[in-house]
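Enquirer: Produce the entire structure from the sequences given, and follow the hints as far as they go.
For the sequence shown, our numbering assigns the number 1444 to the initial residue and increments by one for each residue that follows.
No lab work stands behind these hints, which were simulated from the structure alone.
The structure presented is a predicted model; accordingly, all values stated were derived computationally and were not measured.
Please note that the accuracy of each hint is not assured.
As a list, the in silico EDC-like pairs of lysine to aspartate or glutamate whose alpha-carbon atoms are at most 20 Å apart [claimed, not checked]: (1) 1703 - 1687; (2) 1809 - 1503; (3) 1695 - 1627.
Beta-carbon label-pair distances, calculated as ranges [said to hold, decoys possible]: (4) 1765 - 1449: 32 to 38 Å; (5) 1632 - 1664: 54 to 60 Å; (6) 1573 - 1652: 35 to 41 Å; (7) 1794 - 1578: 28 to 34 Å.
Ideal placement from N, C-alpha and C gives every residue a C-beta, glycine not left out.
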Amino acid sequence: MSNALQDLSQAGVSIWLDDLSRERLRSGNLAELVSTHHLTGVTSNPTIFDKALSEGNAYDQQVHELAVRGVSVEEAVRMVTAYDIRWAADVLRPVYESTDRVDGRVSLEVDPRLAHETERTVAEAKALWWLVDRPNLMIKIPATAAGLPAITQVLGQGISVNVTLIFSLERYRQVMDAFLEGMELARTNGHDLSRIQSVASFFVSRVDTEVDRRLKEIGTDEARSLLGRAAIANARLAYQAHQEVFSSSEWKTLEEQGAKPQRPLWASTGVKDPSYEDTLYVTELVARDTVNTMPQATLDATADHGRITGNTVLGTYDQARADFAALEDAGINLTDVFAVLEEEGVDKFIKSWDSLLGALSAELDKLS
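Expert: In structure tokens:
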């Protein structure tokens, strides 16, 4: 194994795994990755749980007991996912303690069908926080228009939040505003700000997938020269925005009260185009006080042959803006790209959630 993961960690990037399953927990694999791969957190989503439930028999005993009790399929999903999240949180609790509560975090997403309903999202987030009952939990809330006030309200309850499905710089700035408002509300409500953590999950590879598709449709030499440049530029400009907000006087006031900054998290870092380097969205987004949540394949690739050469974000902002301008000149409507990606992102998670409900319903019937 190379020293890439160690180098990445020393460069200030927290390495999280974008995967979780009962078998990974039961086999001790998650604990092993913490020990050997500098892993400091875990993220989950409906797609991950849908896949986990479909493989092996690790969930059979619990599902049988839920079937005997006659619980609804929606309640069964909460019980099954909360069990895994609670277990993972316990595995990562030493990391949580050793990093002064910054890392060692495990994320659980609210029902994605609530993405456009503020009040129900808040209620679900509070219920999941109570159900898992671990201080190193993060509740994932999508960065939809309805999600923004939910983020503020949930943070205001003293609950740590992973804001997911961020694509555009405009929406990211709104997310940071929602975070600042939420931390101010938490302070007003008497919560210890040092115990509240938040990350802003900026999706990466999906941007290149959509933009590259449009560039190939345009088909000019100019368009083809821009393949694979949109996602990195977008993320780098997001980090610049992060630096601006978290050096402001408004933030400094909260920081003096013990608040920790909301870190950018690079999500969707598995490379979709096989012509690109498989560690592209790791090595090109190295910046202090960020998180990179990787699927297993990307984690393994980085460990095997990743080359970490220091910070690859600072000093790139002019080039990133130039790339954006070139994309617009080539005929790419980035505003439309980001709107499409947000809508598709919510839809994909809803489909995975529905699939998870269907699979669990069948298992409940079979094991009852």
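Enquirer: Each of the hints needs a verdict: does it hold here or not?
Expert: Now the hints, each set against the structure:
no.: 1; hint: 1703 - 1687; result: holds, 15 Å
no.: 2; hint: 1809 - 1503; result: holds, 10 Å
no.: 3; hint: 1695 - 1627; result: holds, 12 Å
no.: 4; hint: 1765 - 1449: 32 to 38 Å; result: holds, 33 Å
no.: 5; hint: 1632 - 1664: 54 to 60 Å; result: holds, 57 Å
no.: 6; hint: 1573 - 1652: 35 to 41 Å; result: holds, 37 Å
no.: 7; hint: 1794 - 1578: 28 to 34 Å; result: holds, 32 Å
Going down the numbered hints, you'll see the structure goes against none, and every one checks out.
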